[in-house]
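First to last, the protein sequences are chains P and C.
For what it's worth, this note's numbering labels the leading residue of the first sequence as 1107, then goes sequentially.
For what it's worth, this note's numbering labels the leading residue of the second sequence as 10, then goes sequentially.
Simulated from the structure, these hints should not be mistaken for lab results.
Ideal Cβ placement from N, Cα and C applies to all residues, glycine included.
Hints should not be assumed to be uniformly reliable.
To be verified - Cβ pair distances, simulated, as ranges: (1) Lys396(C) to Arg1167(P): 18 to 28 Å; (2) Lys396(C) to Met1107(P): 48 to 58 Å; (3) Arg329(C) to Lys1111(P): 48 to 58 Å; (4) Asp1163(P) to Asp378(C): 19 to 29 Å; (5) Lys295(C) to Gln1178(P): 52 to 62 Å.
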Amino acid sequence: MSLDKNDVEKIAHLARLAIADEDIPGYAGSLSSILQLVEQMDAVDTKNVLPMAHPQDAHQRLREDVVTEKNQREHFQKITENVENGLYLVPKVLD
Amino acid sequence: MHSKTIAELAEGLKIGDFSSEELTKSFLQRIKQYDAELNSFITVSEDHALAQARAADELIAKGASSVLTGIPLAQKDIFCTNGIKTTCGSKMLDNFIAPYDATVIHHFNQAGAVMLGKTNMDEFAMGSSNETSFYGSVKNPWDTTTVPGGSSGGSAAAVAARLAPAATGTDTGGSIRQPAALCGLTGLKPTYGRISRYGMIAFASSLDQAGTFTQTAEDSALMLNVMSGFDEKDSTSVDKDVPDYTANLSQPLNGLKIGLPKEYFGEGLNADVAKVVEEAVAEYKKMGAEIVDISLPNSHLSVPAYYVIAPAECSSNLSRFDGVRFGYRCEDPKDLEDMYKRSRGEGFGEEVKRRIMIGAYVLSAGYYDAYYLKAQKIRRLISDDFKAAFEKVDVIMGPTSPEVAFKAGEKSDDPVSMYLSDIYTIATNLAGLPGMSVPCGFSNKMPVGLQIIGNYFDESRLLNIAHQYQQTTGWHKQMPEGYK
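Model the full assembly from the supplied sequences, consistent with the hints where possible.
Structure (structure tokens):
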């Protein structure tokens, strides 16, 4: 699979990454060569193979649905300036 | 004092040859002396270290100490440290003062260990040469024109130059074993789930595992004793008893069955490295081990499968860096989307962006089956190869890296050739198995690592096998000129 400028722009948007125009050809080239490497997988028949999501095929642990964390909002918000009245500030979303 | 192992330093502290404060000051002094050149630390936490050292000296005086009490260590800057800058090698986290401790850090604090500082690393642990760090590349103390390996290159360089007696690392595709090999150290990546990932900044969650850089297997056992164990804060932590990893170190190796996979000795392996590794295997034969030829037929698929799975998980994990609650935020965003895109575009380096984009692509609509699902199936085949091998042998040996440390800049413009540096280590992560790298000789005056791969939760045996080798050989005691 070879990616062109449009593909890179589309992927960068999906990943919410601002990529400068002059950097796009470089990314198109390196992403294409990585996809070429990855496509070595195509030579293998995996029709009856179960996908493996966890090294020990373990399942997600369950626990009682109870509160285990105490509220540390002030502590966590001390590391940013973009807060007001306990809320994070972001650019206006609605006019 | 600086060339002693953890075990030797612990003995010195216990009998009062020196205090933890003296020991800590001597390592801080070495960091000042040598690290301007090596760049192995991002943050040196001098005041914090000295306070910890004085507290440790009090514990030792009271007779309330354990083995690691008062031992100075370096921590990879991927572990969150409460009140201390935690960057993961990225501009994105240059302003991040972690508000809590990783479980690994908590365990070391409980044991009374001293943290000298946070070590340099490839940005978000993505790299094999420590050249992708926002804080500049790290130099290999054996030859400062070469790389120390990565991603835990700072930890490896710091221990190799004896700026710390030992350090932590993390290994997602070889990030402990490869730099350990390139810097002449003993590196251990335990079984997936053995050590808590809580507070360890996530790269690829189904592969990431913390481990150790030490001078000896014995030191690795001492650290693993402290780091291991179940943690309910990590959903993939395994609830399994932690043995005393030092208990079996002295067992003889008579009858041990060592498998040599033919795929690890084929094309692509430097001939001189192959020779050094074969000599190490011959040494094991002398010690009573039986050598068995085996095959891991799907080995060639491990790099391709990894470069789907790891980027996919990274693109998901790194979506948390959005400029809202912590980390880098761009100047004057015009709207929310602009803030997301520019904060991420400006905050992440090139390799991280590349992997996020590969991950976003392979997970995007229409491509999931062809890439991600296919890779997860290949992962099963690779894991099954190991299962079949462990029916026949106790451990698997081979080279850790196909070559010794390469020149800085040699591969940094070619991601695929960089990815192939981890060709012998990645399969272990995909299968979730424990692996080690042990110094086993030199090629062109640069260290070579022997990789030892074990079955699940067989760290005791790996450490035993490495320890026995270190009783009859002296490769692990070699130090780079200029740092003695």
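Tested hints:
| no. | hint | verdict |
| --- | --- | --- |
| 1 | Lys396(C) to Arg1167(P): 18 to 28 Å | holds, 24 Å |
| 2 | Lys396(C) to Met1107(P): 48 to 58 Å | violated, 32 Å |
| 3 | Arg329(C) to Lys1111(P): 48 to 58 Å | violated, 29 Å |
| 4 | Asp1163(P) to Asp378(C): 19 to 29 Å | holds, 21 Å |
| 5 | Lys295(C) to Gln1178(P): 52 to 62 Å | holds, 58 Å |
When held up to the earlier numbered hints, the structure conflicts with 2 and 3 and fits the remainder.
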